[in-house]
Amino acid sequence: MLEIIKPGLETSIQDFPGRIGYWDQGFPPSGPMDSWSFRLANILVGNDAGAPGLEAQFMGPTIKFQQDGVIALTGAEMMSKLDGEEIPNWQSISVKAGQTLVMGPALKGSRGYLAVVGGIDAPDWLGAASTFHKASVGGIDGSAIKAGQVLPVKAGQGQAGRKVKEACRPQFARDKKWQIEAVAGPNDDWIDAAGHEQFLSYEWKLEARSDRTGYRLDGPDWTFTEKATNKPPENGEFPSNIIDQGYPLGAINLCGQKPIILVNDGPSMGGFICPYTVPSAAFWKLGQIKPNEFLCFSRVSVEEAQALRIALDDMCGESSIET
Amino acid sequence: MIFDEPNFSPGGDRYITVEFGNEMNLELNFMAQGLAGALRESGTKGLVESAPCFASLLVHYEPRDISYGDMVTELQSLCNSLGSTDEIELDSRLFTFETLYLDPWTKECIDDYREKINSDKEYDPDFVARLNGLEDRHQLVRVHSNSEYWVASLGFWPGLPFLQPLDPRAMITCPKYNPPRTWTPQGAVGMGGSASSIYPVATPGGYQLFGRTPVPIWDPSKRFDAFDGDIVLFRPGDRIKFQPVTRDAYDDAERKIEEGSYIYNIVEYQKFSVRNYKNWINKLDKSERF
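Protein sequences, first through last, are from chains Y and L. For what it's worth, the numbering used here labels the leading residue of the first sequence as 1, then goes sequentially. For what it's worth, the numbering used here labels the leading residue of the second sequence as 1, then goes sequentially.
If you're looking for bench data, these hints aren't it; they were derived computationally from the structure. Keep in mind it's a predicted model, so treat the numbers as computed, not measured. Backbone N, C-alpha and C fix where the C-beta goes; we use that ideal spot for every residue, glycine too. Mixed in with the good hints, there may be bad ones.
What the hints assert, rightly or not - Per label pair, the in silico range of CB-to-CB distance: (1) Y:Pro233 with L:Lys283: 21 to 31 Å; (2) L:Asp225 with Y:Glu203: 34 to 44 Å; (3) L:Glu122 with Y:Gly236: 14 to 24 Å; (4) L:Glu122 with Y:Gln171: 55 to 65 Å; (5) Y:Pro233 with L:Asp136: 23 to 33 Å; (6) L:Asp225 with Y:Ser319: 45 to 55 Å; (7) L:Pro175 with Y:Gln171: 44 to 54 Å; (8) L:Val48 with Y:Thr223: 32 to 42 Å; (9) Y:Ala147 with L:Asp136: 34 to 44 Å; (10) Y:Gly256 with L:Lys116: 20 to 30 Å; (11) Y:Gln149 with L:Lys278: 51 to 61 Å; (12) Y:Gln159 with L:Tyr264: 44 to 54 Å; (13) Y:Glu207 with L:Phe3: 34 to 44 Å; (14) Y:Gln149 with L:Asp252: 36 to 46 Å.
Put together the whole structure using the sequences plus the hints.
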């Protein structure tokens, strides 16, 4: 059992891959933004890679353990301390009943993950424990964790002293510039050559008004092909308007002139074009970038993006662990 | 237009958008839902899910199990096997919803918007009636409530249905609010563009409002069997009928909902035949209004 002393900033229960299979009813998958770090935290403590754990954002929670166990911290560096002693990320650690974990502000990266042996015992909401707080669904009670709450934990067997190999940890950007892969489509033919050139060369700034539903990018206006300017009126008045369509997760959605990357809690459909899509293997970077840092997009093919996904999935397993 | 061949385009490493055309035409949605059904039944390895929208279908697949090229080939072959749209038959449940048109709650919401955001905003039912050449708000109620509505897709908020009238004599259009409202009562019934909807919960919104239903379409605490274990009521391909009721009947339904004794009016034995639908449409004088 985990007793929440301080909740941090919208710390939530997430599992992987989240709530899959309800996109046609408008439900997003939710789940951890940086599933690379999240899955390795679970592997460290001996859980299934997708078991329910905590995602801390920008400012971590303070948690008192009510029973002995094994935990692991991954993702953002949050200066975490156990009973006042600093503890490292990327390795499994024994905790005793009565000890207190303080996860502080995110110094490097944005989101830190806590896995506990056995996993958090959260109810099943359409096949997943992941919290989607915009609609009050998932987690324990549909919302982020709260002070005073006690999170039940399933029984499990874990071992302290296991580490993620250095080469298997995500490398965060050092100069505030993140290289993000992007696949052209589904609506890339609405943007003209100059628009594509600009998208791929500009350093887009992440706006503070970004959250688990969408990442707003600050940058120049887009330019369009005739497909955007000469179309049946029911497509809408702006060049970037299209007859409402389903949105891929990761779509770079052009809302008027404002690009918004649709992430884990994003909308399933709407009436704006999506010229590019961030592939799943790059999502961990979105989970770790901070507001006012920069996104530099590089175009990859569908096949390259799929190879990256498969390589990442393969890395989220026992082969990445050393003892 | 309706494209001669559907257009396939990738959405990153795990989605494909299948576009059937670029106009608002129910036939395109029937094609999207027909393909969604055929895909479900095909048992295609690597299919995760699909989501129909007005004129397109979004397919979600697992690239470890199937390549982009193979999935496109599979989708093309399924499109070909569907044949003409006329051949499409879709399972379609019919829901009847008690609706209080011209209700006091959406009026209060509109009044609040007029007071705080735009004092020139015309009362929504009068505005929609005027734009569509109807006599008055009472004819709007008559026209709107005399068609079944087709759940073309769900989104914006989980469980929020985008509805198209199946009866062309009930086709009306209106712009959305600009700027949008900061709040809308749960159960509000309204429309924007040519789509009608029901607000599952109280949210901001932009549709013109003219009624309210007490019947929940969002049930996270799983109080009602009609949801069949789900949190949202509708699926694409359902149909909805708005049944105009008096304030007394509205209050009665609302009381039963609070008690948990409310009985959902759902018909589950019907299939929607595109051929039969088109035959019926062709017999109608589309310029008529109820």
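To see whether the hints hold, each was checked on the structure:
1. Here the CB-CB span from Pro233 (chain Y) to Lys283 (chain L) is close to 28 Å, well matched to the stated 21 to 31 Å.
2. Here the CB-CB span from Asp225 (chain L) to Glu203 (chain Y) is close to 54 Å, at odds with the stated 34 to 44 Å.
3. Taking the beta carbon of each, Glu122 (chain L) and Gly236 (chain Y) are about 22 Å apart, inside 14 to 24 Å as hinted.
4. Between Glu122 (chain L) and Gln171 (chain Y) the CB atoms are about 57 Å apart, so this pair conforms to the stated range of 55 to 65 Å.
5. For Pro233 (chain Y) and Asp136 (chain L), the hinted distance range of 23 to 33 Å is satisfied, since their beta carbons lie about 27 Å from each other.
6. Checked against the hint of 45 to 55 Å, the pair Asp225 (chain L) and Ser319 (chain Y) passes, with Cβ atoms roughly 47 Å apart.
7. Under the hint 44 to 54 Å, the C-beta atoms of Pro175 (chain L) and Gln171 (chain Y), about 49 Å apart, fit the expected range.
8. For Val48 (chain L) and Thr223 (chain Y), the Cβ-Cβ distance of about 35 Å falls inside the hinted range of 32 to 42 Å, so the restraint holds.
9. A hinted range of 34 to 44 Å is violated for the C-beta pair Ala147 (chain Y) and Asp136 (chain L), which are about 55 Å apart.
10. For Gly256 (chain Y) and Lys116 (chain L), the hinted distance range of 20 to 30 Å is satisfied, since their beta carbons lie about 24 Å from each other.
11. Checked against the given bound of 51 to 61 Å, the beta carbons of Gln149 (chain Y) and Lys278 (chain L), roughly 56 Å apart, stay inside it.
12. Separated by about 51 Å at the C-beta atoms, Gln159 (chain Y) and Tyr264 (chain L) satisfy the suggested range of 44 to 54 Å.
13. Distance hint for Glu207 (chain Y) and Phe3 (chain L): a CB-CB separation of about 37 Å, consistent with the stated range 34 to 44 Å.
14. Separated by about 39 Å at the C-beta atoms, Gln149 (chain Y) and Asp252 (chain L) satisfy the suggested range of 36 to 46 Å.
Hints 2 and 9 from the earlier list are contradicted by this structure; the remaining hints agree with it.
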